[in-house]
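Engineer: Top to bottom, those sequences are chains U and Z. Each residue of the first sequence is one higher than the one before, starting from 1 at the first, in UniProt numbering. Each residue of the second sequence is one higher than the one before, starting from 1 at the first, in UniProt numbering.
Please keep in mind that the hints were generated in silico from the structure rather than gathered at the bench. There could be a bad hint or two in this list.
Quick list of simulated restraints, FRET-style, between CB atoms [to be verified]: (1) U:P61 x Z:A496: 38 to 44 angstroms; (2) U:G50 x Z:A65: 54 to 60 angstroms; (3) U:G50 x Z:E794: 31 to 37 angstroms; (4) U:G77 x Z:A406: 49 to 55 angstroms; (5) U:P61 x Z:D415: 51 to 57 angstroms; (6) Z:D617 x U:G77: 47 to 53 angstroms; (7) Z:L799 x U:P61: 26 to 32 angstroms; (8) U:Q29 x Z:D720: 44 to 50 angstroms; (9) Z:D795 x U:G50: 23 to 29 angstroms; (10) Z:D720 x U:K88: 42 to 48 angstroms; (11) Z:V353 x U:K88: 46 to 52 angstroms.
Where chain U lies over chain Z, by a calculated footprint (3+ residues, C-beta under 8 angstroms) [as the list claims (entries may be wrong)]: (12) 176-183; (13) 505-515; (14) 551-559.
Cβ coordinates follow ideal geometry from the N, Cα and C atoms, glycine included.
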Amino acid sequence: MTTTDERPATDTTPTARRWETACPLERLQPERGVAALFGEEQVAIFRTHGGELYALGNVDPRSGAAVLSRGIVGDRGGEPTVASPVYKESFSLVDGRCLDARGVSVPVYPVRLHDGLVQIGLR
Amino acid sequence: MTDTRHLVVVGNGMVGHRLVSALRDRDGRGDWRITVLGEETRQAYDRVALSSYVDGKSEEELRLAELADPLVDLRLGDPAVTVDRERRTVRTASGAELTYDALVLATGSVPFVPPVPGRDLPNCFVYRTLDDLDAIKAAAAAAVARPGPGRRSAVVVGGGLLGLEAARAMRLLGLSPQVVEIAPRLMPVQVDDGGGALLKDLVTSQDIAVRTGVAVSGIREEKDRLVATLSDEVELDADVVVFSAGIRAADSLARESGLRLGERGGVWVDATCRTDDENVWAIGEVAALEGRTYGLVAPGYAMAEVVADRLLGGQARMTPEELDMSTKLKLLGVEVASFGDAHAATEGALEVVVNDPVAGTYSKLVVSDDAQTLLGGVLVGDASKYSTLRPMVGMKLPADPVAMIAPGGVELGADALPDSAQICSCNAVTKGALKEAIGGGACTVPDLKACTKAGTSCGSCVPLLKKLLVDEGVEVSKALCEHFGFSRAELFQIIASTGLRTFTEVVEKHGRGRGCDLCKPAVASILASLGNGHIHEGEQAALQDTNDHFLANMQRNGTYSVVPRIAGGEITPEGLIVIGEVARDFGLYTKITGGQRIDMFGARVEQLPAIWRRLVDAGFESGHAYGKSLRTVKSCVGSSWCRYGVQDSVGMAVLLELRYRGLRSPHKLKSGVSGCARECAEARSKDFGVIATEKGWNLYVGGNGGATPRHAQLIVQDVDQETLIRTIDRFLMFYIRTADRLQRTAPWLEELEGGLDHLREVIVDDKLGICAELDAAMALHVENYADEWRGVLEDPKKLERYVSFVNEPGTPDPTISFVTERGQPVPTPRAGDPEPVLIGVPAFGRQEVQ
């Protein structure tokens with residue numbers, strides 16, 4: 001996660017990472033996601049009402065459809081979420097876990113704002 | 001078990017059914033095995049609600065709970081024909097001989113047909129069983145279909161409760177009913193002369209002709225029709241004659257076996273419901289309890305309970321003086337109720353009458369000579385006080401009797417009643433028993449019905465059950481989700497009255513958090529219903545549900561389907577060619593929908609604008625197949641082509657579809673228009689359905705297909721086009737304002753206090769004074785409608801979103817692939833998907849599409 005005030009996110013993964021640009025910040029409407037393609041990897045990127053950025057894998061685990069970026073962004077008990085547009089399960093934007101089915105989760109990607117560009121950390 | 005005894009129940013009506021279920025409930029040890037002999041071939045059904053069969057209720061809906069029990073042997077269509085009391089055997093029509101330890105006669109009654117010449121002619125019917133109604137329906141349909149000028153008509157012999165129900169049924173079947181009653185007033189048993197006079201006015205104003213004080217003296221055939229001659233020598237033409245002039249106990253079995261009978265018919269029984277043979281009992285309409293027969297279901301149920309108790313060694317007995325002969329019914333929008341000593345037969349009884357011919361209401365209370373105790377009453381026109389007054393019979397009046405029935409007088413709730421008061425008289429459930437059930441965890445009306453049986457027969461006490469739940473502090477949470485403590489209807493009021501027009505303002509002022517996939521689409525729908533511009537304008541875009549997100553229907557593999565509007569199902573050859581070319585050029589799968597249009601599947605999100613550019617250029621617009629909004633108005637071909645059509649149903653369907661297109665609502669809305677009573681457009685399975693008549697249009701509301709099919713109910717009849725549209729406008733706007741989230745019109749109407757009659761009062765009679773507001777809201781919608789897809793194509797900012805990937809706008813989603821099935825593309829099955837099984841058809845090869 002990062003905020004839109006130019007602070008870089010803390011990189012907690014030890015492996016080498018490259019930052020890839022997804023889009024300019026203004027292309028991200030608050031609470032409406034976009035998808036980006038890096039090689040074969042699909043990433044869903046979200047900007048919350050408060051201005052925080054999050055990135056999850058774009059594939060909905062239940063349907064296999066690459067559509068999580070098209071879900072409704074909101075919160076559950078204060079935790080920011082996106083609801084899958086296919087069968088409506090909610091996923092935490094913070095750690096990618098499914099809040100409606102135990103043991104299901106989607107990958108989480110580091111995301112940062114760099115020179116007004118939204119960038120995703122890839123391995 | 002060797003000591004199991006055998007009970008034979010003759011009759012599978014409501015009372016026989018009640019005896020068996022009561023006995024099985026209580027006979028935990030299985031002392032009795034039961035054989036039920038039914039004359040009808042059908043399972044037991046709710047005969048009290050018989051007339052609703054004409055409104056479209058199915059036999060399944062009327063059926064009573066099935067007695068699937070190893071100790072119950074149900075033999076349908078095999079009535080008892082003789083009883084040998086010496087040998088304790090019953091012989092059935094099929095020749096079976098059954099030996100009994102106890103025999104219960106529950107044969108009910110047969111319709112009384114006055115002995116007039118011609119009563120056996122074809123198209124003369126009685127009104128008693130579902131088979132009777134099937135025959136009447138067929139005869140009415142044949143009469144309506146017969147060519148020739150003028151309305152088809154029915155003569156209903158008898159103006160009692162059943163006669164008025166029959167008259168209403170005739171009207172629903174398209175016939176003009178004429179009621180002939182020998183007594184000087186309608187419903188002579190239940191109401192007095194004052195109430196009867198008002199009742200006649202109210203019934204006559206519903207296009208039902210009424211003749212009182214005359215009898216039918218003969219019926220003859222004349223040129224395919226019937227002519228009924230009356231005692232005053234008037235002759236009435238009729239296509240159908242229905243006898244509903246009372247009932248007689250079906251006591252022939254008892255008569256032939258030598259049992260004692262009542263003086264005026266029926267099997268004589270004592271207060272324990274035992275006949276003069278100790279092994280034989282009688283219950284329900286066939287029983288003459290201490291010499292008197294009862295034609296209502298409540299006394300029959302009480303008798304069934306007494307016999308069940310006696311068979312298990314109990315000491316229960318009937319108290320005929322306490323039998324409740326109360327009646328409440330609502331027919332043709334007219335409410336009639338009578339309870340207790342309605343005719344002031346008690347010595348010294350006083351009558352307090354409030355007669356308001358302007359409002360069309362008549363209320364009478366019968367009180368004791370000291371005006372302290374309520375003895376009975378009659379209510380005509382407005383029977384809303386029945387549910388609180390009836391349980392008060394025999395009790396001290398809580399207020400001045402005039403104030404209790406005067407307009408604007410004392411409002412009585414459940415709290416005015418003592419615990420001993422019977423709330424449900426059909427099933428003898430007291431207020432105390434209901435309070436106990438609520439204390440035990442029942443917190444909804446269905447809960448109370450399930451655990452006490454209250455409200456499960458005539459249903460008149462349901463409003464009181466609701467009040468009781470509120471009085472006992474049961475609150476039902478209608479909150480939308482964790483972000484809003486309001487129901488959708490409350491939120492609608494808040495948004496409409498505060499003028500807030502963004503989700504952020506609404507959630508910050510009236511909610512908490514940042515919303516979710518429940519409340520955001522609900523708020524989006526409310527904002528759209530209030531006319532807030534394009535649904536992708538500004539912040540609204542982020543509130544839209546899956547399909548509204550891209551104005552297309554998302555399918556299982558993340559592709560979309562596209563449905564252009566084909567209003568009324570009417571399309572030109574050129575239009576069909578455009579759709580065909582678009583589908584071919586974009587490689588889409590095509591299918592005809594149930595709503596008379598064409599669905600194109602398999603479009604990727606980045607293809608949608610190019611597809612719609614072609615469609616919009618050819619004159620198509622969004623079909624809103626993706627929205628909680630009007631879908632289609634289906635139509636039959638109507639009078640332009642059809643030999644039977646009486647109105648232009650296609651023209652009407654197109655007009656309605658174009659009027660309500662794009663109207664956002666709590667759930668999807670479907671409609672249909674049929675050009676005649678044959679109903680080929682299946683309009684009665686729609687949220688609002690229109691059926692043409694020779695005089696105009698009939699409007700039905702609250703129907704749907706799906707998992708819980710419902711037939712729509714008639715709300716206005718034979719109206720002109722202007723009235724029809726005004727009524728639909730108000731119906732839709734009232735629904736949009738007051739329904740719950742994702743609640744379709746049928747459950748909404750079911751939950752609406754006062755039901756269809758209340759709805760009619762609100763949108764036809766403007767009882768709440770909101771019609772001008774509803775009309776204005778619809779006018780605003782019609783004026784502001786704009787095609788959503790054209791709106792997207794004309795705005796580069798909105799178009800920007802139609803890409804699979806923000807960083808590679810031209811690249812399609814690589815996870816999407818198709819295979820060919822029956823010559824068309826379908827999504828490639830995922831591992832774990834069930835393989836389609838084709839039986840008796842050569843296997844189709846599946847091939848990868850390049």
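Engineer: If any of the earlier hints don't hold here, list their numbers in rising order.
Structural biologist: Violated hints (numbers, rising): 11 and 12; every other hint is consistent with the structure.
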